[in-house]
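Undergrad: Residues per chain, in single letters:
Protein chains: 2
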Amino acid sequence: MIDYKLLEALATVIECNGFERAGEALGLSQSAVSQRLKTLEVRLGQPVLIRHPHLEPTPAGRRLLNHYQQVQLLERDLRSALPTLETASPRLRIAINADSLATWWADAVGRFCRDEGLLLDLVIEDQDVGLRRLRDGEVAACLCASDQPIAGARCVPLGTMVYHPYATPAYIARYFPQGPSEAAFRHAPAIVYGPHDQLQHRFLAQCGYHGAFPYHLCPSSEGFVRLAAAGIGYGMMPHRQVADLVKAGQLASLDPQRRLEVPLYWHFWRHSGALLERLTGMLGEVQLT
Amino acid sequence: MIDYKLLEALATVIECNGFERAGEALGLSQSAVSQRLKTLEVRLGQPVLIRHPHLEPTPAGRRLLNHYQQVQLLERDLRSALPTLETASPRLRIAINADSLATWWADAVGRFCRDEGLLLDLVIEDQDVGLRRLRDGEVAACLCASDQPIAGARCVPLGTMVYHPYATPAYIARYFPQGPSEAAFRHAPAIVYGPHDQLQHRFLAQCGYHGAFPYHLCPSSEGFVRLAAAGIGYGMMPHRQVADLVKAGQLASLDPQRRLEVPLYWHFWRHSGALLERLTGMLGEVQLT
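Listed in order, the protein sequences are those of chains F and Z. For what it's worth, the UniProt record's numbering labels the leading residue of the first sequence as 1, then goes sequentially. For what it's worth, the UniProt record's numbering labels the leading residue of the second sequence as 1, then goes sequentially.
Certain hints may be false.
The list cannot tell twin chains apart, which means a pair is met if one copy fits it or any two copies do.
[Unchecked claim] No more than 20 Å apart at the CA atoms, straight line, and that leaves these computed lysine to any residue pairs for SDA-like:
hint, residue 1, residue 2
1, K38, L254
2, K247, T39
3, K38, E8
4, K5, A212
5, K5, P214
6, K5, D107
Hints listed in this document are in silico derivations from the structure and should not be mistaken for laboratory results. Predicted model, so just to flag it, every value in this text is computed and none were measured.
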């Protein structure tokens, strides 16, 4: 049987990003934490932690952490069957797309987290990286736009987020005085979330435009909205995120006929325990728009 | 003299995240873009691009890209002296802390970007990584909480952001019925931005609490606010970001006497040209709170 005290030390050092704080969290001295990791590495015959330039697990350490997380989830089920066992909140590591986190996610899971005493460890990833991290066992679930299944995991459709091309009215008057056109797209600065973001390209392709266009890069949902609201560019935003700004007249669609729908899927490991099953059941009833 | 067509091909492939889209952007075939990169690698005697699992520059490629960016900035100055030269918008790559991007940044730089035709390439990094990327020449400037100078770069203080410990009134009534206390901190789930985020620890230390506490991890400014507003946890948020929610009674400080001040600094390469100097002058006049 694995000595879970050693895995707990590894998990806590990563979570706390340091030996001293991990010691505080565990009620141990810093050197006792070090000693546990050393013991773990000796037993394993290889390092579990990279110290420089940042504390991070080695691939072997990552596998151990994932195992530790799965055991914690199973223990949680056990505890609800045997409530006299000492309790501690489980932490669920989930890869999630930025726009969900900036819009419907918190309202959807709020009551669930409170009722279950669940702590979230959220990781923002684009879908390819998120699914890879699920496959590698680094996260317990992944919320993304891909329905590509992962062996051993389930994939549940959650619904669709709706995006519109928003900008300030002043921006639209300046760059799109006659509405969308090839000439306008060529010169109007757009805002793109990152190099993997395809929404802007999909929108332009839908409009029949396939040429180059100037754009800002802004890998933050909230920053994206702020740049648009400051008149710096136009971009594809979830209606839900900017409904108040649209209502107040600060943002408007530059092409009210156009909308892009992005389906979202919830991927999670089968046999990860009842908590994830319940969370999945709850997410299946959420309205995304 | 370097053949800048080759560097442009490299920069465009990275920006567009693909050879086909880079070709479209440059008005070239995909194979012409490939050929330019091959030529560059032959001249350099080493690869500039990693193809798998994601397109990204090698360390050598990164140096070339940084050089290319600096040349573009210098060209921009030249163009304003010689306005008959063909013009194209420069793109400025800046590392920035997430909370600035979620609050004051866009309003501060909006007019400047419009007037100068400047495109932003924003990268969200915590301060240590941001400063390292500046030192490595991957970004032209870094906005962060560290005043640690980088050789060859200037460091300008921009002012202070003010953080308070906010939660919903219902959350405060449930977890802090008698106000902040050791027992309350031990059980109340907090929200922490990421493992490098020290605000929560600083707040607790200020309150005289040094023990363990349960927390959610949420590496998104907007997601952070949404989790708090959904009653999932409490956390340190910039007053400016949540002023509307506080006014509407949806969030309140659980300890109105406490505030944390975070100074912000703007680091940028000397001799990067007049555009960065003007941006710096403009940022020096911004009100952060």
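Undergrad: Evaluate each hint against the coordinates.
TA: Hint check results:
no.	hint	result
1	K38 <-> L254	neither (60 Å within a copy, 41 Å between copies)
2	K247 <-> T39	neither (60 Å within a copy, 53 Å between copies)
3	K38 <-> E8	within (13 Å within a copy, 48 Å between copies)
4	K5 <-> A212	between (56 Å within a copy, 17 Å between copies)
5	K5 <-> P214	between (54 Å within a copy, 19 Å between copies)
6	K5 <-> D107	neither (35 Å within a copy, 50 Å between copies)
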